[in-house]
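Protein chains in written order, with our numbering: chain A, 8 to 309; chain W, 9 to 371.
Fair warning: there could be bad hints in the mix.
Computed spacing ranges between beta-carbons, pair by pair [stated by the list, open to error]:
{"no.": "1", "chain 1": "A", "residue 1": "Thr-125", "chain 2": "W", "residue 2": "Phe-21", "range": "23 to 29 Å"}
{"no.": "2", "chain 1": "W", "residue 1": "Phe-21", "chain 2": "A", "residue 2": "Thr-133", "range": "36 to 42 Å"}
{"no.": "3", "chain 1": "W", "residue 1": "Arg-112", "chain 2": "A", "residue 2": "Pro-148", "range": "35 to 41 Å"}
{"no.": "4", "chain 1": "W", "residue 1": "Phe-21", "chain 2": "A", "residue 2": "Pro-148", "range": "53 to 59 Å"}
{"no.": "5", "chain 1": "W", "residue 1": "Glu-136", "chain 2": "A", "residue 2": "Val-131", "range": "53 to 59 Å"}
{"no.": "6", "chain 1": "W", "residue 1": "Ala-35", "chain 2": "A", "residue 2": "Phe-217", "range": "36 to 42 Å"}
{"no.": "7", "chain 1": "A", "residue 1": "Ser-193", "chain 2": "W", "residue 2": "Val-203", "range": "37 to 43 Å"}
{"no.": "8", "chain 1": "W", "residue 1": "Leu-176", "chain 2": "A", "residue 2": "Trp-218", "range": "45 to 51 Å"}
{"no.": "9", "chain 1": "W", "residue 1": "Phe-21", "chain 2": "A", "residue 2": "Phe-231", "range": "34 to 40 Å"}
Hints listed in this document are in silico derivations from the structure and should not be mistaken for laboratory results. Positions of the beta carbon are idealized from the N, C-alpha and C atoms, including for glycine.
One letter stands for each residue in the lines below.
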Amino acid sequence: MTAVVADRVVSARTKWKERGLASLLLAPALVIFGVFVFYPLIHNVYLGFYRSPPFPGLPSRYVGFDQYRDVLSSTDFLQSLKVTVLFAVLTVPTGIALGLGLAVLAHQQFRGVRIYRTIFSSTVATSVAVASVIFGTLLNPQVGLLPWLGVTTHPPLLQNPTWALVAVAVVTVWQTLGLTFILMSSGLQSVPDDLLEAARVDGASAWSRFWRVTLPLLSPTIFFAVVIGSIFAFQTFGQIDLLTQGGPLKPGRTNVLTYFIYTELSRDPGKAAVLAVALFLLTLMLALAQVRLLERRVSYDR
Amino acid sequence: MGSVVLEGVTKRFNDTIAVDNLSLAVADEEFLVLLGPSGCGKSTALRMIAGLESPTEGTIRIGDRVVNDVEPKDRDVAMVFQSYALYPHMTVRRNIEFPLRSRRVPAVERDHLVADAAESLGLTDLLERKPAQLSGGQRQRVALARAIVRRPQAFLMDEPLSNLDAKLRVQTRAELVELQRRLSATIVYVTHDQVEAMTMGHRIAVLEAGVLQQVAPPREVYAEPANLFVARFIGSPPMNTVEGRVVRVADSLAVEISGGRAPLTPQLARAVEAAGLEAVVLGVRPEDLRLGHETGVAATVAVVESLGHECHVACRLPDGQLVIVRQRAEADAPKPEDSVKLIARPEALHVFDSETGTRIRPA
């Protein structure tokens with residue numbers, strides 16, 4: 008009897024000890040997250056309650072949810088939201104399709120395949136700034152590749168209301184292709200060889216092996232790439248800043264939310280805070296919705 | 009059903025030879041077991057029949073057709089993989105009907121065939137489950153159902169029982185034999201397990217290092233092994249093999265080994281003499297040995313292992329070589345360190361050429 012009681016006491020004590028240790032180990036991460044993520048997040052919501060003064064130097068005025076309502080119903084915001092969503096739609100599916108296509112090519116066994124793998128994944132080592140400068144030069148109406156090829160547009164591509172967003176999307180797809188390629192390649196490698204061999208013996212053509220065996224088994228990877236890709240797309244900033252500055256025209260045809268926030272920050276910090284909260288909620292909803300919707304269709308069981 | 013014939017088939021991977029000049033004819037409706045240790049080339053041979061590997065040399069025939077350049081899907085064979093290779097995202101029904109869908113069999117006929125295959129393997133109630141929800145034995149049966157559903161010319165099975173627990177393996181072994189008989193199926197079955205080979209095969213083909221050692225019915229492989237490798241590979245515990253020298257005793261021959269002499273039968277003596285051998289390996293199955301006290305080869309008992317129904321007595325010859333004697337459980341078991349004599353009937357002795365390992369057939 009006494010032994011049992013003693014055991015229990017000991018286990019309760021070790022539990023407390025373990026909790027102490029757990030908090031100790033979590034502390035560094037919690038401090039960093041608290042200072043650089045949670046505090047700014049909450050403070051940002053609070054900033055959104057204050058309307059910025061028309062002239063710098065005057066005090067901000069508390070307006071409660073009025074500013075949220077005003078900003079979120081403004082045409083500026085809706086236009087920017089439209090551009091952001093369009094940008095995600097342009098980049099995410101294309102990027103995944105291309106990454107998957109290249110991964111399937113590089114998954115074959117042929118001479119020199121390693122060279123292709125290296126080339127395909129190389130854009131991982133390319134920063135947004137480098138990619139933007141490369142494409143900025145290629146698309147330059149005077150010295151770029153397009154005029155050299157004889158393709159000219161008026162106005163030039165990056166100032167063209169119809170094509171500017173597409174051009175930026177192309178840069179983005181190119182720049183993220185390395186990552187998508189690596190993701191898809193590792194996904195392909197996790198498809199067991201004997202399943203594909205079984206399908207070969209069972210009479211499936213290469214095409215139907217891909218659609219009926221590989222792709223379903225790849226769905227967790229694709230799902231992951233969609234979630235990550237969408238979140239990246241919603242947070243795109245560098246390419247826009249370097250290539251179009253949100254332009255052309257007003258309201259800007261490439262004025263995605265992050266760039267909109269950035270430009271408003273110096274002009275109207277209260278408005279920028281509201282926009283930032285909106286972006287946060289959008290990203291959160293997107294992630295949750297994707298997890299809920301897609302997870303049901305994904306086959307994880309092996 | 010059809011036959012499978014390999015003629016001079018060789019498979020090289022860069023510098024290594026996986027299968028070396030293999031010729032083998034599997035008759036229609038035959039259950040042939042490819043037996044050998046891991047890495048002996050038996051799986052490669054099977055994969056070449058399936059078309060998953062192409063032979064470097066030689067021809068492969070299925071039915072009356074050379075299939076060297078025929079795609080796996082057009083060879084009309086079905087394969088059961090060691091891992092079962094079930095499609096994890098499909099239900100049992102979808103898995104079984106996969107080969108039929110691939111061949112565009114009409115839906116009505118398909119349902120009928122799937123129901124038949126599922127019923128014959130007791131899977132009818134599991135058709136809507138996913139593989140992850142099945143036990144190992146059930147998955148194995150799904151893999152079999154997927155193979156039998158389209159009545160191919162031949163079944164290729166790559167260690168299909170090795171992922172089952174011991175009890176289920178014994179049961180499934182019997183079921184497979186029944187299934188083979190019921191379907192009159194031609195089966196090429198790869199295993200490293202000699203018990204599976206002995207119990208299931210009509211004939212066993214023993215492979216070692218890519219080279220075919222012997223093809224014969226199980227009983228023959230056991231009683232008349234072609235060489236030392238086969239003799240040592242088949243049987244549990246394996247055949248005792250001891251190095252010795254041929255000596256003349258009176259008007260006949262005997263093999264002198266550490267601890268004594270073993271006289272040969274006149275037939276075997278003639279054959280050994282004709283071969284002009286001196287250094288030989290003497291082989292005798294554990295169950296053909298008996299322990300005595302007066303005449304025989306002297307040895308010391310090292311370990312006594314009781315298995316309940318029988319008893320294995322490991323004895324050491326004076327030079328340290330181990331010899332195992334298999335006794336019935338009720339026989340008087342000796343104790344370790346006892347001095348004993350090993351006795352065998354001359355008819356039970358095998359003599360192998362110690363250089364080539366070939367068994368000398370009695371003349």
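Taking the hints in turn, this is what the structure says about them:
{"no.": "1", "hint": "Thr-125/A <-> Phe-21/W: 23 to 29 Å", "result": "holds, 26 Å"}
{"no.": "2", "hint": "Phe-21/W <-> Thr-133/A: 36 to 42 Å", "result": "holds, 38 Å"}
{"no.": "3", "hint": "Arg-112/W <-> Pro-148/A: 35 to 41 Å", "result": "violated, 55 Å"}
{"no.": "4", "hint": "Phe-21/W <-> Pro-148/A: 53 to 59 Å", "result": "holds, 56 Å"}
{"no.": "5", "hint": "Glu-136/W <-> Val-131/A: 53 to 59 Å", "result": "violated, 43 Å"}
{"no.": "6", "hint": "Ala-35/W <-> Phe-217/A: 36 to 42 Å", "result": "holds, 38 Å"}
{"no.": "7", "hint": "Ser-193/A <-> Val-203/W: 37 to 43 Å", "result": "holds, 41 Å"}
{"no.": "8", "hint": "Leu-176/W <-> Trp-218/A: 45 to 51 Å", "result": "violated, 35 Å"}
{"no.": "9", "hint": "Phe-21/W <-> Phe-231/A: 34 to 40 Å", "result": "holds, 36 Å"}
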